[in-house]
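Got chain A sorted already, so can you dock chain B onto it with the hints?
Residues per chain, in single letters:
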Amino acid sequence: MDRVSIRRAAKEDVAAVADLVVRLKRLNNEFDPLFNVVNDARERAERYVSDSLGAKSALLIVATQGEKVIAFLRGEIRERLFYDPHMEGHITDMYVLPEFRRKQLGHDILQQGSDALIKMGAEIIVCELPTRNDIGFQFYSKRGFRRFAETFAHVPG
Amino acid sequence: MAKDLSKDEHSRKALSYSKFYGGKVGTTPKVPVRSLDDFSIWYTPGVAAVSLAVQADPESSFDYTGRWNTIAVVSDGSRVLGLGNVGPESSLPVMEGKALIYNYLGGVNAFALPVRVKDEEHLIDVVKALEPSLGGVNLEDIESPKCFEVLDRLRAEMRIPVWHDDQQGTAGVSLAGLYNALELTGRRIEDSKIVLFGSGAANVAAARLFMEAGADAKEILVVDRKGILHPERDDIDQLSVKNKWKYELALTTNGDKVTGGLSEALKGADVLIAAAGVGPDLVKKEQVASMNRRAIVFLMANPIPEMWPDDAIAAGAEVVATGRSDYPNQVNNSLLFPAIFRGALDARSRTITDTMVIAAAKELARHVRDKGLTRNHILPTMTEWEVYPQVAAAVADAAVREGHARRELTRDEFLKTAMEMIQRSRMTMDALTRSGVIAEPPEQG
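Line by line, the protein sequences are chains A and B. Numbering-wise (my numbering), the first sequence opens with residue 464 and increments by one. Numbering-wise (my numbering), the second sequence opens with residue 63 and increments by one.
I should point out that these hints are in silico values taken from the structure, not numbers from a laboratory. It cannot be assumed that every hint is accurate.
[What the hints assert, rightly or not] Here are the computed distance ranges between Cβ atoms for each label pair:
(1) B/Asp-187 with A/Phe-611: 28 to 36 Å
(2) A/Ala-473 with B/Thr-321: 25 to 33 Å
(3) A/Ala-473 with B/Ala-376: 57 to 65 Å
(4) B/Glu-151 with A/Thr-614: 37 to 45 Å
(5) A/Glu-475 with B/Asp-372: 55 to 63 Å
(6) B/Glu-348 with A/Lys-566: 34 to 42 Å
(7) A/Thr-614 with B/Thr-90: 53 to 61 Å
(8) B/Thr-132 with A/Phe-611: 44 to 52 Å
(9) A/Gln-601 with B/Glu-151: 33 to 41 Å
(10) A/Asp-465 with B/Gly-434: 52 to 60 Å
(11) A/Asp-503 with B/Asp-181: 32 to 40 Å
(12) B/Ser-152 with A/Phe-545: 55 to 63 Å
(13) A/Arg-507 with B/Asp-372: 55 to 63 Å
For every residue, glycine included, the Cβ atom is placed at its ideal position computed from N, Cα and C.
Chain A extracted, bound-state conformation (with noise of 0.2 Å):
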């Protein structure tokens, strides 16, 4: 079987990442209907990937096996205006596909993408999930992460 690696992700990656952030996107949809995903999402999808490959302020890894993308990271800096520290690695999507998992590459492909993120210059890691992803907060609490914000959602009418 082929070695698994990480390493950024190139223009020819978009359309296999495309399809893990729209799995990603289902799998949040489990969690909440206010994630309900839209019909056009793959179309979305390729076009958020290209635009994060482009973007400065963005990153964007994969992890590989053989020509297969397996999974995949994407954080964006962001200045946190009023607070330090002041400059926080965002953590927007990471997901890994099934068959991969409880194999360390998740925490792998966070270490890898961390570690990228500070050298972006992130002070903090921070990530979303939605509030019922109980495997997701498992997931971050083992590696040192905690809660300190929490979403509120009310939808009008």
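Just chain B now, kept in the frame of chain A:
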């Protein structure tokens, strides 16, 4: 609308007799009341001394009270028999029946306790709150996948045995039958390709137990309505949220990542364990014919198995078991659960582990081999009452070896205790019936 069961003879009698007797089990005293003065011993003021003794050592409640032999048969009524979510009151007749079997076959003081709860957290809280009164808990007829979470949490968080018969009971008896079927066909569980058709409580538990018993996870295939479980199935992320037990099986089983449905799964398989739903056309002859020579086929749906046993044999199956009593090799939970709790209670065990269930399954299988193993006799029947104390002793012995027993006896001592307890229960019932305290049922039924 309520289903009309009155045409069925058993149903008609069940309705009539249940009304006549006003339920199937009740509490009877264990101590003599020679005069009203005895209440000064059994109740106040004497009883205060017992309370203080138990306060000083709560574990002594297993010695001073009936806790050591008492279990509750708990249900939320969310998946009762084949009736579905009928609610706690409607589950009460079923739970009373279970309690009666526990009493009669296991000498266990079991009582029915359906509860009205709003969700699984509430159910877990309610059952945990019962712990001081009980030696064990039998969970019953709780819908899947809720039942997995409830059982796993209660096993981890309570200091008395918690058992979910729809999972562990069915899995345990299946394993016993499987051991003997493997023996008959010259196989070992470690080398066998096992297909589990259906992914409800029984088969998810069977997969977990078979792996504990040595089956190779990579050689197990689980097939549900959407096909064979594998890590790249379209609904895998959905499963990770909605049914983490099936998700776990999707990640750990099916080493060759076989895709497709039952037909693809059964090609070259050694064993089929079907708990998929009412047949008889869920499994086809050609699918069984595609299995390995001398195939083992368990068809557990009631009342109509996933395929008729004769068809399975005609298609080449060597050993066939069903859930029905009118065919050979009935996979019947009642062979196991009374003995499991008899053994767990006799050892005052803090839990029932998979190892204890495997010990019970091996003992059931050994009993059959001692009497004569044939393709039509891989499991005992409920009339072979001597098997219950034997299995109980094996369970208690395993509890001691694993360090879960509060009371450590030898296996022979456990056997003697179990025999006495079960005999006493049967003698009590016989005596009550002979004396007329338990009346004969009404003639008209």
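**Asked** Are A/Ala-473 and B/Ala-376 spaced within 57 to 65 Å by their CB atoms?
**Response** Given range 57 to 65 Å: holds, Cβ gap about 59 Å.
**A/Ala-473 versus B/Thr-321 beta-carbon gap, inside 25 to 33 Å or not** = Hint holds: Cβ distance 30 Å, inside 25 to 33 Å.
**Message:** Please check whether A/Arg-507 and B/Asp-372 have a Cβ separation lying inside 55 to 63 Å.
**Reply:** Cβ of A/Arg-507 to Cβ of B/Asp-372: about 57 Å, so the range 55 to 63 Å holds.
**Request:** Using the beta carbons of B/Thr-132 and A/Phe-611, state whether their distance is inside 44 to 52 Å or not.
**Result:** holds, 48 Å
**Message:** Assuming the hint says 53 to 61 Å, is it satisfied by the Cβ distance from A/Thr-614 to B/Thr-90 or not?
**Reply:** holds, 59 Å
**Message:** Range first: 37 to 45 Å. Now tell me if the beta carbons of B/Glu-151 and A/Thr-614 are that far apart.
**Reply:** For A/Thr-614 against B/Glu-151, whose Cβ atoms are near 42 Å apart, the range 37 to 45 Å holds.
**Request:** Return holds or violated for the Cβ distance of A/Asp-465 and B/Gly-434 against the range 52 to 60 Å.
**Result:** Given a distance of about 54 Å, which is inside 52 to 60 Å, the answer is holds.
**Prompt:** B/Glu-348 and A/Lys-566, beta-carbon distance inside 34 to 42 Å?
**Reply:** The hinted range 34 to 42 Å holds for B/Glu-348 and A/Lys-566, with Cβ atoms some 38 Å apart.
**Request:** Return holds or violated for the Cβ distance of A/Glu-475 and B/Asp-372 against the range 55 to 63 Å.
**Result:** holds, 58 Å
**Asked** Should the hint that B/Ser-152 and A/Phe-545 are 55 to 63 Å apart at their CB atoms be regarded as holding?
**Response** Hint holds: Cβ distance 59 Å, inside 55 to 63 Å.
**Request:** With respect to the beta-carbon atoms only, verify the hint that A/Gln-601 and B/Glu-151 lie 33 to 41 Å apart.
**Result:** For A/Gln-601 and B/Glu-151 the Cβ distance comes to about 38 Å; the hint holds.
**Asked** Between A/Asp-503 and B/Asp-181, is the Cβ distance one that fits in 32 to 40 Å?
**Response** holds, 36 Å
Against the hints set out earlier in the document, no violation occurs for any number.
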